[in-house]
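Enquirer: One line per chain: the protein sequences are A and B, in this order.
The first sequence begins at 4 in my numbering and counts up by one.
The second sequence begins at 6 in my numbering and counts up by one.
Honestly, the hints are just simulated from the structure, not real lab data.
Any given hint could be a false lead.
Distance condition first, Cα-Cα at most 25 Å in a straight line; then the derived BS3-like pairs of lysine-lysine [said to hold, decoys possible]:
no., chain 1, residue 1, chain 2, residue 2
1, A, K25, B, K71
2, B, K40, B, K86
3, B, K395, A, K21
4, B, K395, A, K25
5, B, K469, B, K459
6, B, K469, A, K72
7, A, K192, B, K395
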Amino acid sequence: MSNGREIILGRIREALQKPAPKHHSPTESSGHGHDSTGHDSTVRDWLPTVGPTFKDHVELFRKNSEALKTEFLVFDSLAEAGSALTKLATGWKMVGIHRNPVLESLRPALENAGVRLLFTDNGYEKAELAACDAGITSCECLIAQTGSALVTASTCGGRSLSVLPPHHILIARREQLVPDLQAALAFAKQKFGGSYPSMMSFITGPSRTGDIERILVLGAHGPKNLTIFLVP
Amino acid sequence: MSSPVQEFKSMAKRYSADLRHRGLIQKALSGYYVKRDENKARYQSWQGAREMASEIKYEAVNHLDKYLLEFVQKTEARGTKVHWCPDGAAARDAILKIAEENEVRSIIKSKSMTTEEFHLNHALEEKGFGVFESDLGEYIVQLRHEPPYHLVFPAMHLTRGQISDLFEKELGSQPTDSPEELTMIARRVMREKFCEADMGISGANFAIAETGMISITENEGNARLTTSLPRIHVAVMGIEKLLPNLEDLALFLPMLATSGAGQALTCYNTMYGGPRQPGEIDGPEQFHIILLDNRRTEILADPEQRDALHCIRCGACLNVCPIFKNVGGHSYGTTYQGPIGSVITPHLRGLQDWKHLSGASSLCGACTETCPVKIDLHHHLLRNRRNAAKEKPVWWERIAFSGFVMLMKNPALYSLSLKLGRIGQIFHPLVDRTPLDPLIAWTRSRTFPNLAPKSFHQLWAEKKKKS
């Protein structure tokens with residue numbers, strides 16, 4: 004197998020000796036004011052607009068959440084967020100969670116609800132995590148443009164916590180809301196640089212499928228419910 | 006065994022006469038059109054985005070050796086084991102070896118069309134490994150022992166009733182006509198498989214040279230679980246999946262979602278770079294990437310059609326293709342259906358055996374117009390036809406065309422043939438739709454129109470005379 008590499012690279016280099024033309028279909032060669040020298044333009048020139056202010060971003064995130072069936076809750080204080088979390092968690096037996104400052108500040112709220120906390124930081128039993136009523140995680144960013152959250156394996160409780168329990172509660176701080184995917188990727192690049200986590204995931208709404216007659220069903224294999232708290 | 010062309014003809018004939026099937030496909034796609042158009046309309050310029058996506062892919066594909074090496078070096082530095090596989094057999098052997106060396110018992114898969122190219126499930130099952138497709142649509146067609154019907158919607162040809170019957174027979178579940186209940190049945194079955202599996206096999210939608218990461222797009226969360234719970238993760242990707250930079254995803258992820266399923270963004274878009282890293286609490290101990298050529302370099306070697314390697318497998322060209330909508334996905338007999346399948350299969354599996362797919366086209370150009378990375382699809386179909394005729398001319402076609410040329414060049418001969426035709430058509434009803442009918446290929450399912458009583462030439466001359 005060690006020569007598989009040489010075989011493939013050899014084939015590629017031989018093939019690339021002949022340059023390829025750029026095909027331009029005559030049907031849409033003009034009309035969008037973009038000349039084909041093109042790389043001065045950025046994806047921000049083409050993708051959906053986001054709006055300049057923080058308020059715009061919150062509104063857009065709210066609108067996207069509604070379409071995605073994400074429950075998006077904005078709080079003016081941690082105390083308010085705490086009582087909402089207590090209400091949500093009442094009746095639950097166990098939730099998966101990980102160690103993180105913002106989650107720590109909401110811990111009393113969960114204790115008030117009387118739920119057991121399963122911390123994933125030092126490892127966990129798959130079956131036990133699967134049996135949790137919810138998984139609570141922090142995030143790296145919220146993305147207004149798409150209504151997404153970015154989570155990673157190294158900072159948000161591992162790979163499974165955000166996808167194995169049937170309900171995912173994600174806690175984000177205001178300053179984590181960024182306008183678009185490009186900003187989120189730039190943030191990740193700056194934060195992690197050469198040592199990226201082994202997994203980084205953009206989560207956009209609760210798990211879904213349309214595989215049966217293209218009819219939307221939530222909770223295919225991942226969480227059926229996604230609740231996002233935006234806290235100060 | 007009948008040949009691919011005979012198989013295609015008989016399946017296409019059967020499917021296109023099946024009105025129930027056509028109704029089902031049209032209904033499924035009508036929702037897609039609405040959502041796709043809604044989301045496209047939100048772009049400041051969809052055409053600008055296409056142009057940019059095409060430029061980025063052009064750069065990656067035309068410097069493929071450079072970006073592949075950068076990707077491999079970056080990902081190996083993070084502990085990934087990369088397997089360079091010149092063909093499907095090499096990929097199959099590499100995966101079997103990983104499974105055997107690690108004493109794997111149960112394997113969970115998330116959606117990968119690339120593994121269909123070398124019939125991986127079959128090979129694994131033959132060696133005694135249990136393999137479970139976790140994507141709902143893939144699981145359904147796996148239970149039916151069928152290949153995926155569509156490269157994005159594998160089970161779009163089935164009704165909930167058929168799926169309920171299937172689950173009742175194979176899983177012993179209660180019959181139901183609720184898609185939600187059917188989904189929950191599959192979820193329960195798969196939960197067990199996820200927790201038991203010691204190896205997860207996934208595909209890859211993109212590979213980022215800059216970071217050495219792959220990116221997987223999915224809605225269900227099954228790929229997330231496939232890559233989180235088992236102790237080994239094997240990702241299978243074609244060598245053409247590369248993108249130069251991390252920020253390219255900001256363009257490609259939304260475009261794939263909009264073209265593929267009419268969404269603004271797919272539910273999970275996840276980047277994977279290596280096995281569990283130091284300090285991480287879970288994830289696989291081993292991460293393998295299978296880099297598959299399997300004659301993709303044949304497409305690369307054809308500069309005229311090299312842009313077919315831009316393909317991001319969104320399936321948009323299938324969804325707009327009048328041929329696909331009538332003959333359905335299974336008629337093609339290929340891993341990749343629709344216009345893109347018709348373009349690349351002759352390169353992947355032999356021009357002469359698969360040239361008929363390039364003939365099965367109305368050349369309407371809907372595929373080219375919808376393609377998010379601007380592959381010149383319908384012209385490639387013409388190029389395949391030309392190449393096939395040049396490589397191996399068909400004797401009767403040559404005679405027929407030289408006869409046609411002679412006829413068209415000679416006015417006297419042309420008008421004589423029209424006259425003969427008008428006489429001939431008087432007798433046509435006697436043989437219409439019988440094996441003696443010289444027009445049987447047309448009249449089998451259509452009415453042959455009568456020639457006009459007078460030709461344009463005659464009408465023009467008469468008009469001139471009058472005035």
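Enquirer: Decide, hint by hint, whether the structure agrees.
Expert: How the hints compare with the structure:
no., hint, result
1, K25/A - K71/B, "holds (20 Å)"
2, K40/B - K86/B, "violated (40 Å)"
3, K395/B - K21/A, "holds (21 Å)"
4, K395/B - K25/A, "holds (24 Å)"
5, K469/B - K459/B, "holds (15 Å)"
6, K469/B - K72/A, "violated (71 Å)"
7, K192/A - K395/B, "violated (51 Å)"
In the structure shown, a violation is registered for the earlier hints numbered 2, 6 and 7, in ascending order.
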